[in-house]
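Asks: The primary structure of each chain is shown beneath.
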Amino acid sequence: MACVPADEASLIAAFGPHLAWEPPGGFAARGTPDRAVKTHCCFCGQQCGVQLLVKDERVVGVEPWEEFPFNQGKLCPKGIKRYLQNNHPDRLLQPLVRTGNGFAPIPWDEALDQVVERVRRIQAHHGPDAVAVLSGASLTNEKAYLMGKFARLAVGTRHIDYNGRLCMVAAGAANLKAFGIDRAANPWADIAATDLILVLGANVSECSPITTDYIWRARDRGARLVVVDPRLTPIARTADLYLPIRPGRDVALLNAILHEVIRLGGVDHAFVEAHTSGFSEVMEAVRDYAPEAVEREVGIPAHRIREAAVLWTQAPRTMLLHSRGIEHHTKGVENVLSCINLVLATGKIGRAGCGYATITGQGNGQGAREQGQRCNQLPGARDVENPEHRAAVAAAWGVPESAIPRKGATAPEILEMIHRGEIRGLISLCFNPLVSLPDATFTREALERLDFYVTIDFFLSETARHADLVLPGSLQEEDEGTVTSVEGRVLHIREAVPPPAEARRDWEIIRDLAHRFGAAELFDFHSSRAIFEELRRVSRGSVADYSGITWEKIDEKMGVFWPCPDEAHPGTPRLFEGGRFYHADGRARFHAVAYRPPAEEVDDAYPIILTTGRVVSQFLTGTQTRRIGPLVDLYPAPRVEMHPRLAAELDVTDGDPVRVASRRGSVDLLAHVVATIRPDTVFIPYHWPGRRSANRLTVRAYDPLSGIPEFKVAAVRIERLPAVERV
Amino acid sequence: MIGTLFVDPSRCIGCTACVEACSECPGHGGESMIHLDWLERASSVQTAPTVCMHCTEPACAAVCPADAIKIDPEGIVLSALAERCIGCGNCALACPFGVPIIHEAQALMRKCDLCYDRTSVGRKPMCATVCPSGALFYGTQEEVADLRRSRPQSHFVFGGETVHTRNHLMVPLSVGTVTLEPDATVSRSTAEQQLEEALC
Ligand code: SF4
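Residue numbers (the working numbering), protein chains in the order written: chain Z, 1 to 727; chain C, 728 to 927.
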């Protein structure tokens, strides 16, 4: 049913991506803005403060917001040019219904009625769980909260999950296991105040650019920097110690570092005894991980591993930072736990300038994982299978506990279930799985099997092309609400302009659908503020307690760190002070982890490791950034990055067209021959769809504990294409 | 008083925020007055931003046949006066840093003026406001001495001539005179050497 209704060329002609270069009317017509709206960037988890310039009720430019403490005016190119997404020619301005040869406008009432009618028809025939809801982590806390409640109480399905499943879940699950809470342990100011920064699998300068400033501020005071990454990224270039790890070998490396730290006498026994449990099993587990024993597997000389252990042991205060590089693995949770083991064993957490954090990727990567839109969680980061948690949420919602569906499927599992015909209807907001999920060919087949698909979006994403109904929603700057940044700091997103033409705020669309699904009394919201007030109340008593946070307090304090249990509470910038963790006994937990190989190892047929990631000028699936001309100019198309030695073996020179093939499919790209990557590994950024999609190659293999896909390791082969097939 | 821009390419991460922000300055019409270069991408990710260094005896102004390039009392070398400039391009050829941009169609040169509209009213230039790495830092000599471990340098040997500049380049404490050579090779960082070592 849900094949794309027209050929790609005509869909692109009608809906883009087209490129916007200038504010409405051009730069010359910009004139003096009427107002500057203090808000935050719509893209990554740094959530930089920025001012949007508004003229004649249109966003026409940007001005740094220097008073906002996190970034003090600093921005990356995405934050500077993001205003060009407003007034964009591709903007969806009215509801659309698929026709025999494309999409046609349809009145709002008719569109909403159709959604309810089609969803209920599927549920009547195939059960309530035959419809799934997919949501996103770029949404405000208010919308994230609303989506979870909407799926469970209005649609009545257990299958609600979000694109943070591709982002934060491995770190989240590991943090919950180890600490009993899932949030960066320290405010970013602690990075600037530390003595040693250990960065693992985090392309800081491209994916969380502002963090660069914090790292340099520490280094200006004499702090050392150690970077673990298969690619020599811009932040790695200046490191004191660079460990070029083979993708997928993180546990082996971390266990070896801990092995050495133990040998050097670096364990803080007083801390371990007073504040943790499970260390003896970890001691036992790392016994066989001498640096010499792992050096071949991890691809790093033993003496460099020892050097890292010495630096770690000698530094009075350390900050360990990681992100998707160690998390996008079939053992993502184990990789993170091996980092936490090192931090706990040396007691290097819970102090000024000393601690640990995962760097969240998406704009609301932190908050959107707490408000109950995950398949396994209810608001307040509560466990959907925990009877007490269920009872607390049911009471706050005023529904019987039995009205809350049980745990549902993860986002990738939802696509697998669609492919198998078990889920037949889909409602999505802020998710472009056709570009973001592994094995894009499989994802496309799944989408084509849906009986009914409705999406809310502001541009027609590649996934949205498969929809039966497209409802025009709001851009970040067209609604008000809150997000929670990388630091766990709750921030205020202000509305700069209202949605254009017939487009509506996402929460208004969801609320109206909920009313039509017969749940009016549970969705009696007249503002996003009202949703926040309910979210606060429902979160009371949970780990992720927002109940003491008000929008006024956020404005006054330039953000409030949760947990914040009452209005007099100042918020909690630093967790675990005094060694108090969030498990019932107050102790942190060690977890013994053993190294195991990636799901797909290289072999004779596919001898090269593929790893994927991002570039600084694009964001995630590019739905927004591939429409912004100046950003596209900076890196117009994906290239496959390879070391000159590999290139020589393949008889490839820089700029040659090559075919990269895995067991799933192939893509034709230009080679980028650079000595800043391991020769056994190639890198392709994943922001593009279709024939240029890195995710045509990646493998549908998931971490059993968190469900995160293994985007960082797949086996590929590469051949040079004859010049006539130039791409 | 207008401050000083301190340029530290060793911190540069190549994000181009400076270039994109410059293009957003009122009056720039979407065009950046500064640029960012990859020094030797085949072997390194090292990048460097190029802004006007505001020479104390600017070659661009000296060679201008139309006397279109004026210097403000605080030493800011301003963009060409549109009514005087003939777009001949002498300034671009004379500049040791490659700063002036010639618009042949409009017969006009434009260049970085240290965000005169901002800095003359006590604000920071756009590029240094947004730079996420501190590769572009705007402030005073005292501030930079306090904050940084490297040293500001303001004279450069270029083709046998010494050029003195208002803006400064941050150099390691060990470096004395900075010689600008067009084909200078980039020295390899510790991390780059460690990668090579691991691959042996
Ligand atoms: S994308 Fe991230 S780093 Fe860049 S401006 Fe936006 S929030 Fe800041």
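In short, the hints are calculated from the structure, not lab data.
We put the beta carbon where it would ideally sit given N, CA and C, even for glycine.
Misleading hints may appear alongside valid ones.
To be verified - Far from chain C, some chain Z residues (derived; all Cβ distances over 10 Å):
hint : residue
1    : E22
2    : E66
3    : K74
4    : T233
5    : I235
6    : E284
7    : G353
8    : G421
9    : R596
10   : R678
What the hints assert, rightly or not - Output of the computed footprint for chain Z on chain C, the stretches with three or more beta carbons under 8 Å from beta carbons of chain Z:
hint : segment
11   : 781–790
12   : 796–807
13   : 816–829
14   : 856–863
15   : 881–891
As the list claims (entries may be wrong) - Cross-link-like lysine to any residue pairs, in silico, SDA-like; alpha carbons within 20 Å at most:
hint : chain 1 : residue 1 : chain 2 : residue 2
16   : Z       : K55       : C       : S750
17   : Z       : K553      : Z       : R537
18   : Z       : K177      : Z       : K38
19   : Z       : K177      : Z       : P500
20   : Z       : K55       : C       : I798
21   : Z       : K55       : Z       : P500
22   : Z       : K38       : Z       : V497
23   : Z       : K55       : C       : S914
24   : Z       : K177      : Z       : E292
25   : Z       : K55       : Z       : V497
26   : Z       : K55       : Z       : G25
27   : Z       : K557      : Z       : R494
28   : Z       : K177      : Z       : E273
29   : Z       : K55       : C       : A769
30   : Z       : K38       : C       : C752
Asks: Taking the hints in turn, state whether each one holds.
Replies: Hints, one by one, checked against the model:
With a closest Cβ-Cβ approach of about 6 Å to chain C, E22(Z) is found to fall inside the 10 Å limit, against its non-interface label. Remark: the non-interface label on E66(Z) conflicts with the geometry, its nearest Cβ contact in chain C lying 7 Å away (cut-off 10 Å). At roughly 5 Å, the least C-beta separation between K74(Z) and chain C is not larger than 10 Å, which violates its mark as non-interface. Look at T233(Z): its CB is around 7 Å from the nearest CB on chain C, not clear of 10 Å, so calling it non-interface is violated.
Remark: the non-interface label on I235(Z) conflicts with the geometry, its nearest Cβ contact in chain C lying 7 Å away (cut-off 10 Å). Every C-beta of chain C lies more than 10 Å from that of E284(Z), the closest at about 29 Å, which supports listing it as non-interface. Distance check for G353(Z) against chain C: the nearest CB is about 17 Å away, which clears 10 Å, and the non-interface claim stands. Residue placement check: G421(Z) keeps its beta carbon more than 10 Å from all beta carbons of chain C (closest about 46 Å).
Listed as a non-interface residue, R596(Z) keeps its Cβ farther than 10 Å from every Cβ of chain C; the least gap is roughly 23 Å. R678(Z), annotated as away from the interface, has a beta carbon of chain C within 10 Å; the closest lies near 7 Å. Under a criterion of three residues with beta carbons nearer than 8 Å to beta carbons of chain Z, the stated coverage of the segment 781–790 of chain C fails, only 0 such residues being counted. With 0 residues carrying a beta carbon less than 8 Å from a beta carbon of chain Z, the segment 796–807 of chain C misses the three-residue requirement, and the given coverage is violated.
Note: the segment 816–829 of chain C has 0 residues with beta-carbon separation from chain Z under 8 Å; the three-residue rule is not met and the coverage is violated. Counting residues of the segment 856–863 of chain C whose C-beta lies closer than 8 Å to any C-beta of chain Z gives 6; at least three are required, and the coverage claim holds. For the segment 881–891 of chain C, the stated coverage by chain Z is not satisfied: 0 residues place a CB nearer than 8 Å to a CB of that chain, which falls below the threshold of 3. About 19 Å separates the Cα atoms of K55(Z) and S750(C), which keeps this hinted pair within 20 Å; it holds.
This hinted pair checks out: K553(Z) and R537(Z) have alpha carbons roughly 16 Å apart, not beyond 20 Å. In summary, the hint linking K177(Z) to K38(Z) is not supported, as the alpha carbons are separated by about 37 Å, beyond the 20 Å threshold. For the given pair, K177(Z) sits about 45 Å from P500(Z) by alpha-carbon distance, which is inconsistent with the 20 Å threshold. Using a Cα cut-off of 20 Å, the hinted pair K55(Z) and I798(C) is violated, with the two alpha carbons roughly 34 Å apart.
Among the hinted pairs, K55(Z) with P500(Z) is consistent with the structure: their alpha-carbon atoms are about 14 Å apart, no more than 20 Å. Between K38(Z) and V497(Z) the alpha-carbon distance is near 12 Å, which keeps this suggested pair within the 20 Å criterion. This hinted pair does not check out: K55(Z) and S914(C) have alpha carbons roughly 48 Å apart, beyond 20 Å. With a C-alpha separation of about 30 Å, the suggested pairing of K177(Z) with E292(Z) is violated against the 20 Å cut-off.
A hinted pair counts as satisfied when its Cα atoms are at most 20 Å apart, and K55(Z) with V497(Z) qualifies at roughly 10 Å. Distance restraint check for K55(Z) and G25(Z): the Cα-Cα separation of roughly 11 Å lies within the 20 Å cut-off, and the hinted pair is therefore satisfied. This hinted pair checks out: K557(Z) and R494(Z) have alpha carbons roughly 16 Å apart, not beyond 20 Å. Of the pairs offered as hints, the one joining K177(Z) and E273(Z) holds, with about 18 Å between alpha carbons and a cut-off of 20 Å not exceeded.
For the proposed pair K55(Z) and A769(C), the alpha carbon gap of about 44 Å is over 20 Å, so the pair is violated. The suggested pairing of K38(Z) with C752(C) holds, with an alpha-carbon distance near 18 Å, which does not exceed 20 Å.
The structure is inconsistent with the numbered hints 1, 2, 3, 4, 5, 10, 11, 12, 13, 15, 18, 19, 20, 23, 24 and 29, although it conforms to all the rest.
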